[in-house]
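Listed below, chain by chain, are the residues.
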Amino acid sequence: MAKKITIATDWLDTCSGCHMSLLDIDERIVELIKHVEITSSPITDLKHPPEEGVDIGILTGAVSNTHQLAVARQMRERCKLLISMGDCAVFGGICTMRNFFGKEDVLRRGYVETESTDEEGAVPRSDELGKLLDQVMAVNQVVKVDVHIPGCPPPADAIWYAVTELLAGRTPVLTGENLTYE
Amino acid sequence: MALASITIDGRKITAQVGQTILEAAQAAGIDIPTLCHHPALEPRGTCRLCLVEIEGQRALQTACTYNVADGMVVHTESENVVSARKSVLQMLLSERNHFCMYCQLSGDCELQSLAYRYGLDSWLYPRAYVPMPVDASREHFVMDHSRCILCRRCIRACKELVGNYTLGMGGRSIDSMIVADLGVPFGDSSCISCGTCLQVCPTGALMDRKSAYRGIEEDVERVKSTCAACSVGCGIELITRDNQLLRIEGDWDAGVNKGVLCVVGRFEPLFDIRRRVLTPLMRRDGKMEQVTWEEALDAVADGFKQMDAPSLAALASPRVTSETLSRFAGLFNRLDARSVATLKPVPSFLAEAEGSLVLLDEADLFLVVGADLAVDHQVAGIAVRRGVRNRGARLVLIGEGQNEMADLAYRQFKLDEIEQAIALAQDAQTPVVIYGSAAGSALPALREALEDEAQFLGLVPGSNARGALAVGLSGSFEPDGVKGAFVLAADDEVDETLLNKLDEAEFIVAQVSYFGPLVQRADVVLPTTIWAEKSGTFINTEGRVQTLNAALRPPTGVKEDQEILQALADRLAD
Chain R
1 MAKKITIATD WLDTCSGCHM SLLDIDERIV ELIKHVEITS SPITDLKHPP
51 EEGVDIGILT GAVSNTHQLA VARQMRERCK LLISMGDCAV FGGICTMRNF
101 FGKEDVLRRG YVETESTDEE GAVPRSDELG KLLDQVMAVN QVVKVDVHIP
151 GCPPPADAIW YAVTELLAGR TPVLTGENLT YE
Chain L
1 MALASITIDG RKITAQVGQT ILEAAQAAGI DIPTLCHHPA LEPRGTCRLC
51 LVEIEGQRAL QTACTYNVAD GMVVHTESEN VVSARKSVLQ MLLSERNHFC
101 MYCQLSGDCE LQSLAYRYGL DSWLYPRAYV PMPVDASREH FVMDHSRCIL
151 CRRCIRACKE LVGNYTLGMG GRSIDSMIVA DLGVPFGDSS CISCGTCLQV
201 CPTGALMDRK SAYRGIEEDV ERVKSTCAAC SVGCGIELIT RDNQLLRIEG
251 DWDAGVNKGV LCVVGRFEPL FDIRRRVLTP LMRRDGKMEQ VTWEEALDAV
301 ADGFKQMDAP SLAALASPRV TSETLSRFAG LFNRLDARSV ATLKPVPSFL
351 AEAEGSLVLL DEADLFLVVG ADLAVDHQVA GIAVRRGVRN RGARLVLIGE
401 GQNEMADLAY RQFKLDEIEQ AIALAQDAQT PVVIYGSAAG SALPALREAL
451 EDEAQFLGLV PGSNARGALA VGLSGSFEPD GVKGAFVLAA DDEVDETLLN
501 KLDEAEFIVA QVSYFGPLVQ RADVVLPTTI WAEKSGTFIN TEGRVQTLNA
551 ALRPPTGVKE DQEILQALAD RLAD
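Chain order of the listed sequences is R and L. For the first sequence, our numbering assigns the number 1 to the initial residue and increments by one for each residue that follows. For the second sequence, our numbering assigns the number 1 to the initial residue and increments by one for each residue that follows.
In short, the hints are calculated from the structure, not lab data. The structure displayed is predicted, hence computed values, not measured ones. Each hint should be verified, as a subset may be incorrect.
Stated by the list, open to error - Pairs of lysine to aspartate or glutamate residues, derived as DMTMM-like cross-links and limited to a Cα-Cα distance of at most 25 Å, are as follows: (1) L/K86 with R/D118; (2) L/K483 with L/D253; (3) R/K144 with L/E95.
To be verified - The calculated label-pair distances, taken between Cβ atoms and stated as ranges, are: (4) R/T175 with L/P39: 37 to 43 Å; (5) R/E115 with L/T537: 53 to 59 Å; (6) L/A128 with R/V112: 25 to 31 Å; (7) L/P185 with R/L167: 54 to 60 Å.
Ideal placement from N, C-alpha and C gives every residue a C-beta, glycine not left out.
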């Protein structure tokens, strides 16, 4: 049996809808796993792409903080071909709404001024946590991206099309219903 | 006309000299993408999307502004052209907020559709994230500058189609913005809220408050009809979804208005907050009660049968179709009613249609008497604005009171200064006298002096007043001795002074669409359709017969005008 194509996925600043769309390929996933091995993903036990690398890396979500920047860079280092999936990964998406405000304003609004926060509310400052970047960015603003699949979320068919094209050794070109920004 | 033989994408085409490459291509069925271009506006070449390659030319040229020449060889989708278009799109997308997923126009946006057409799956340039204001200072529509691509369609529409010159460009480079007047909020500007800019905006920058997010083109239905707001009778399209009116647009093909509407026609029907009457009502022991159609119609027939014909008055709104008015007049004339009239009296000097609205785009002087075209017949007023500001025509106002068109006027005269106005008209080449219902005292003098030198255009009050006059319904209502009254108001507002004249009537029947003062006085209420639910014809002020097509189904319990009149006629004939 031929060696399976390995795929790793991860999410950055995202609502996780793109991964839901990935699952929306439904029973086609049975066909898919005959040909590919999903080594790691946010919705499986293994979270990090293996050190020995994968064939295809998939990132969803925008790059908002230092943690996500590290995740994006690690994925780039460990995959041969990187897919940026969904409007946030491709364009920055709705996450970039905070680019109109200073990051301290954003943190204060989120952790101190929220209606559900009592007077003890404070911005968490632990070194364990990623720090917000000045600007939210699309994935291709921080690492090289090989294939873009926009959409909020991308249709399951577009994801299926892109992956099957890659398995067939072709570069996917999204057209028609598969190319959407919404 | 001289012809030019050109080649577009390898196809030999015979074009007309004077045509642009875009026009020649469109005529031949070749699709060149455009963005700032709009068929109703002068080409400007600002967006660069229609770039084409012309053999022998150093640079790419905009097809919308470049004229054909004999022997020209044009390529519309060559590698060069496509790469230039993609980079134009990339630059347009890099500037402001072009995230489609939360934009009200997504699905109908021309920028989005071009990005799809050229397969853009990512953005090349970093974005600046410059905060942009949202101007919501106007009642009917909103400007979100962050969605604007500065194509200037709105500016050109305001100037070329409306002659209002409210919109312009402010700032330079990255600070360029669409501004109103000298940069004031739209709501405080000279904007007349005609909404023409809204109708031509290619992106989600201009937003209709009522229809935003309620459905894109593939979800909605469009029905062409005629505006019932006044006797100009503009061609409109009613845009509906699931039997809800979403918005009204001007019909670009309509001869009367060529796509332009006014605030009254475009927006006011959507902002109507009157409550609909949904069942027949009858007053019993002083209290209004819901009854069946049978009970209501029987009560009306019984009431009228007990009355002598000479004590019966029948009044109809000129906002219903000619067909309804004809049936109405037939029914009550057969009964020998004392008065059969309309709710809006038409002065005798306006009884005959005179002149054509087309004159307004040819005149070099407008002499307006007894009318305020910024308030009534606004689309005629817009034609005057175009004439004054785009062609240098003069506006001369005659009248005593304040006139909202005064800002545009060359001179304004009182009645006793009419000779000066006449002198100005006599000096003009193609003067038009526009007269409204308050023109009575000035008109004879104008006719005498200008009969041979000027064209006259009469603007009649009441949308289908000409339809009413055509079936013999005048405004002469004789209230003395009226015991019973039938008022077909439909969706029209009924004047309080007219209602007061019915004070002595013992039995009032109202065929209406909305609750209001008339329902409060009525003994029987028959709920009927509103204008958007009616099919039939109107006759406009010029005497042009125009078609109304129902875009909405009437709510359950409401009957159509003619069905009600027929049911009543059947009962009264027994």
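Hint check:
no.	hint	in the structure
1	L/K86 with R/D118	51 Å, violated
2	L/K483 with L/D253	48 Å, violated
3	R/K144 with L/E95	22 Å, holds
4	R/T175 with L/P39: 37 to 43 Å	28 Å, violated
5	R/E115 with L/T537: 53 to 59 Å	57 Å, holds
6	L/A128 with R/V112: 25 to 31 Å	28 Å, holds
7	L/P185 with R/L167: 54 to 60 Å	56 Å, holds
Comparing the model with each numbered hint stated earlier shows that hints 1, 2, 4 do not hold.
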